Amino acid sequence: MRIVDHLPILQVVVPLVLAPLCALVRSRRLAWGLAAAGSVSSLVVSLRLLSAVMASGPISYAIGDWAPPFGIEYRIDVVNAWVLVVVSTIAAAVAFYARVSVQAEVGDRRIPLFYAAYLLCLSGLLGIAATGDVFNVFVFLEISSLSAYALISLGRDRRALTSAFRYLIMGSVGATFIVIGIGLLYATTGTLNMEDLSEILPQVWDARTVKVAYGFLAVGLCLKLALFPLHLWLPNAYAFAPSAVTAFMAATATKVAVYMLLRFFLTIFGAAFSFGVMGLDRLLLLLALTAIFSMSLVAIFQANVKRLLAYSSVAQIGYMILGLSFASVTGLTATLLHLFNHALMKGALFMALGCVVYRIGSVHIDAMAGLGRRMPLTMAAFVAGGLSLVGVPLTVGFVSKWYLILGALERGWWPVAVLVLITSVMALVYVWRVVEVAYFKPPPDDEPIAEAPASLLVPTWALVALNVYLGIDAGRTIGVAEQAARTLMGTAP
Amino acid sequence: MMSELLSQVVGSYNYWIVVFLMMTGFYILISRGNLIKKLVGLNVFQTSVFMLYISLGKITGGTAPILVDDPEALYSNPLPHVLILTAIVVGIATTSVGLALAVRIKEAYGTVEEDEINEIEAGIDDRRAPGRAALRGP
Amino acid sequence: MRLGLSLLVPALAAVLIVVFRARPNLREGVSLAAAAVLFGVVLQLHGAVSDGARPELVLAEPFPGIPLVLEAEPLGVLFALVASFLWIVTTLYSIGYMRGHHEKNQTRFYVFFAYAIASVMGVAFAGNLFTLFVFYEILSLTTFPLVTHAGTEAAKRAGRVYLGILFSTSIVFQLLAIVWTYFAAGTLDFQAGGILDGRVAAGAVPVLLGLFVFGIGKAAVMPFHRWLPAAMVAPTPVSALLHAVAVVKAGVFAVLKVTVYVFGIDFLAGTGASVWLMWVAATTILLGSLVAFTKDNLKARLAYSTVSQLSYVVLGAMLATSWGVVGSGMHIAMHAFGKITLFFCAGAIMVAAHKTEVSQLNGLGRSMPVTFLAFLVGTASIVGLPPTGGSWSKWFLGMGALDAGQAGLVVVLMLSSLLSLAYLMEIPMKGFFGKRSGPPESPGIREAPLPSVAALVVTAAACLLLFVYPDPFYRLMTMVTGQ
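So the protein sequences, as listed, match chains V, H and B.
Residues in the first sequence are numbered consecutively from 1, following this note's numbering.
Residues in the second sequence are numbered consecutively from 1, following this note's numbering.
Residues in the third sequence are numbered consecutively from 1, following this note's numbering.
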């Protein structure tokens with residue numbers, strides 16, 4: 001067997017193996033090196049996987065050669081190959097960013113442990129995406145969540161501890177709901193393999209257990225992806241975590257949760273069951289619209305810019321769920337595009353904020369006065385990321401918004417399209433509040449503040465560049481997202 | 001009719017235990033302000049799921065799933081039991097992370113009562129930049 | 001190739017301006033040279049388009065089937081000709097103004113100015129609706145630093161209004177209209193005769209057209225006109241080129257282009273979808289004039305005059321007749337020359353005499369005769385009096401209104417001309433014949449710096465020239481309508 005055939009497992013195992021090594025080595029540099037190597041190798045593997053899947057269809061990998069459905073199967077199709085690319089792209093950018101940022105924000109002693117947790121979290125997220133076994137999903141979910149709690153708690157502010165604790169409680173409840181759902185599914189069908197499940201479930205649609213399982217999974221997953229009104233853990237967790245962690249989590253964790261939702265409800269239960277029998281689309285439509293509107297509004301009134309962006313994230317998750325609620329290929333394309341695009345823009349924005357933290361130690365909006373002149377490159381990155389968030393053409397934000405509106409018009413839902421556009425303007429308002437303060441307010445003191453170091457700026461600008469490049473040349477990402485959407489809807493050619 | 005319903009209710013007594021435990025745990029989780037008690041609630045909550053899985057695998061009259069010579073032997077399903085071993089490990093890990101956080105919170109706030117913590121947090125002024133000196137963690 | 005140059009020249013100029021930031025003469029030399037080169041490029045394009053060629057250049061393909069594409073066609077060439085010619089003149093003017101007024105951050109000013117021109121060229125040569133939208137938004141962004149140039153609290157507030165109105169209208173209305181168009185027609189290309197005929201239900205056409213007209217906030221149709229007076233906090237050359245020519249004309253140009261190439265005038269005339277918008281435009285024309293009356297600040301008065309005049313162009317488009325479109329296109333050019341002259345004069349008065357209010361101008365004409373004469377010529381052109389170019393566009397607009405069977409609109413046009421005559425003539429009248437009140441003015445008031453005066457003489461002369469020789473613009477517009 002060639003090494004290429006083992007890519008699906010390598011994707012998960014490499015960071016998993018490197019993580020304990022990080023914890024064992026006492027050198028900060030070495031630990032960082034391992035983390036960076038792990039992230040970059042993940043990116044390489046995921047890109048190869050995506051191209052392989054695009055070229056020749058889904059890949060099935062039997063762990064330990066135990067044939068599915070009895071053994072654990074890793075099954076890579078366009079959908080999760082796409083998610084793997086999203087996660088590992090961000091992971092690679094954050095890994096390079098982390099070296100300086102983490103050194104400034106996390107105590108020396110804890111740095112190797114930080115990178116161990118980082119790699120664990122990464123491998124957990126990749127595992128969720130790669131596996132084709134529902135119980136395995138739960139295991140990886142807990143690996144990523146537990147390490148995420150630890151990562152968040154490493155923030156400088158003591159509120160990081162309480163936010164991590166709250167996240168732990170909410171996250172564990174969510175995960176437990178998911179296990180209950182999985183258990184009930186197993187009780188009905190006797191299998192844990194996703195493909196097997198998707199074949200057996202249509203025969204037992206009417207069973208009450210299946211519907212109960214569906215309900216438990218829905219609540220658990222929505223907690224994990226912070227869908228309004230189950231989002232309460234998110235804003236503080238993002239606001240007080242170390243900058244690198246915020247960038248990483250905001251760009252990946254909720255995205256993977258969205259993926260889980262898509263996988264469970266569209267692949268395993270099937271679009272016909274979710275939309276036809278359970279009426280999921282109507283419920284999600286309502287929640288998504290409320291999330292988008294109310295959270296954008298809340299974001300406008302935040303004084304802590306990190307928390308402002310966190311609320312914006314909850315609103316943006318609403319966009320992804322909105323696309324799903326259209327129950328159409330166009331809508332799902334929008335969801336999958338926004339999955340990646342939002343990761344790019346929030347990654348860039350939180351990284352830019354990390355630069356600010358590095359220099360002035362605060363992200364309160366008043367503390368950012370006059371930064372446009374003092375840290376021109378950082379703030380320019382912030383503006384560019386912000387414009388992408390608003391959805392200005394030639395940025396990725398525009399691409400996903402375009403498909404979202406197109407999807408709404410396809411369904412004839414005019415008010416939805418208008419609401420999406422109005423909330424874009426609201427995004428402009430909260431981004432512009434920061435821009436105005438940074439460029440028009442005189443700085444609070446005369447203390448000289450230098451531009452952030454290159455090691456922070458380069459990864460930040462790399463993401464900004466991706467925001468623009470993939471906004472101008474979106475053909476490829478659209479192609480992948482569309483194919484993935486077709487796979488999920490079961491209309492793939 | 002009545003007795004049928006009764007036997008159904010009694011027959012699935014394991015699920016009633018699960019539901020009872022689950023609700024108890026959830027109630028503790030929501031209603032208690034003490035972080036340690038919250039963790040206890042979370043544990044009870046999770047334990048109810050362990051019970052659910054374990055009872056799923058049990059087949060009436062079934063024996064432990066070790067191969068015996070009798071071809072008529074009825075085995076319990078081992079898979080849920082194996083699965084729940086993993087979940088138990090996860091539960092322990094969650095509890096320990098939670099306890100570790102509680103210890104750190106106690107160090108940082110001097111309390112593990114949620115309302116007192118909220119009071120302290122409400123008094124923190126975000127505007128005051130900690131400055132560069134405070135950037136290095138403990 | 002030349003299409004690419006039209007964007008590249010100003011963009012490169014911006015880079016060179018930054019390179020030479022320490023040497024003002026060289027920096028401004030670069031601006032001037034770039035403007036001249038650009039005008040040359042556009043002239044060449046004009047030649048090609050007059051010969052029937054339609055050069056095209058695909059820049060990128062962001063969406064499958066929706067490329068970012070430039071294409072030269074008569075209407076775009078007309079707009080590009082006007083904008084690039086006036087860029088030369090404005091650069092000349094800015095050199096005198098910015099130095100005479102001791103503005104700060106002049107390099108930033110010239111850089112964003114060049115970027116703004118590049119975006120205007122993008123708007124002018126946009127080959128489909130998507131490209132038009134892209135450059136429209138870029139234009140808003142690149143002019144934002146110019147509007148807020150002063151960096152004061154007032155500038156910040158004005159910038160907020162400016163970007164707020166332009167972005168929210170374009171995102172909420174225009175983008176929705178574009179996606180709708182794509183959804184209905186399956187394409188966003190500009191085509192003679194439009195792409196929507198038979199693809200949108202008759203009842204929905206007025207709504208879609210309304211989304212476009214209000215969504216193109218730069219056209220300043222009431223009630224989305226507030227950004228234009230707000231933008232007057234900018235330095236005068238910005239007000240002159242951007243808010244009499246480039247930005248606002250980009251708006252009405254987009255309206256005209258959408259009317260002609262997306263809807264098609266026959267389709268509009270057939271459905272009567274634009275009638276309600278004619279009256280919206282007519283209301284803007286009259287209200288704009290009336291508000292202009294109440295403004296004592298010279299630039300504010302000019303701004304409301306612009307609001308009013310822009311709706312002439314919108315009105316011409318909404319008439320959906322050949323003459324209306326011709327008049328509309330001609331008015332883009334004629335009003336540009338007239339209004340830029342007025343702004344130049346206002347700036348010259350500000351630099352030389354430090355006066356900003358109309359009521360302060362008594363007797364100033366005797367100290368600055370050239371400036372006030374030029375103002376008089378500009379006024380005549382705006383009002384539409386011979387012998388200035390402005391009379392042509394008014395003439396064609398009137399014909400268009402009659403063609404459309406809207407005699408009432410002719411009355412509106414005449415009424416508004418009278419109003420503008422009244423509120424604009426007050427200024428040269430005061431200048432030449434007003435009595436100086438109070439203590440005698442300091443004797444030191446003379447004309448503004450030479451480059452500025454030269455610039456306003458050029459544009460005033462152009463207003464006169466266009467009366468006897470409006471042919472280039474007229475010919476381009478007849479190519480658009482296919483007469």
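Bear in mind the hints are in silico, worked out from the structure with no lab data behind them.
Among the hints, erroneous ones may be present.
Straight-line C-alpha distance at most 20 Å; calculated PhoX-like pairs for lysine-lysine [as the list claims (entries may be wrong)]:
| # | chain 1 | residue 1 | chain 2 | residue 2 |
| --- | --- | --- | --- | --- |
| 1 | B | K156 | V | K441 |
| 2 | B | K156 | B | K104 |
| 3 | B | K355 | B | K430 |
| 4 | H | K37 | H | K106 |
| 5 | B | K435 | B | K355 |
| 6 | B | K104 | V | K441 |
All values derive from a computational prediction rather than experimental measurement.
For each hint, the structure was consulted:
Between K156/B and K441/V the CA atoms are separated by roughly 9 Å; this keeps the pair inside 20 Å, and the hint holds. At most 20 Å may separate the alpha-carbon atoms for a hinted pair to count; K156/B and K104/B meet this at roughly 16 Å. The suggested pairing of K355/B with K430/B holds, with an alpha-carbon distance near 13 Å, which does not exceed 20 Å. Only pairs whose Cα atoms come within 20 Å are accepted, and K37/H paired with K106/H is accepted, the gap being roughly 14 Å.
Taking the CA atoms of K435/B and K355/B, the gap is about 16 Å. The hint holds against a cut of 20 Å. With a CA separation close to 17 Å, the supplied pair K104/B and K441/V stays within the 20 Å bound.
Checked against the numbered hints above, the structure violates none of them.
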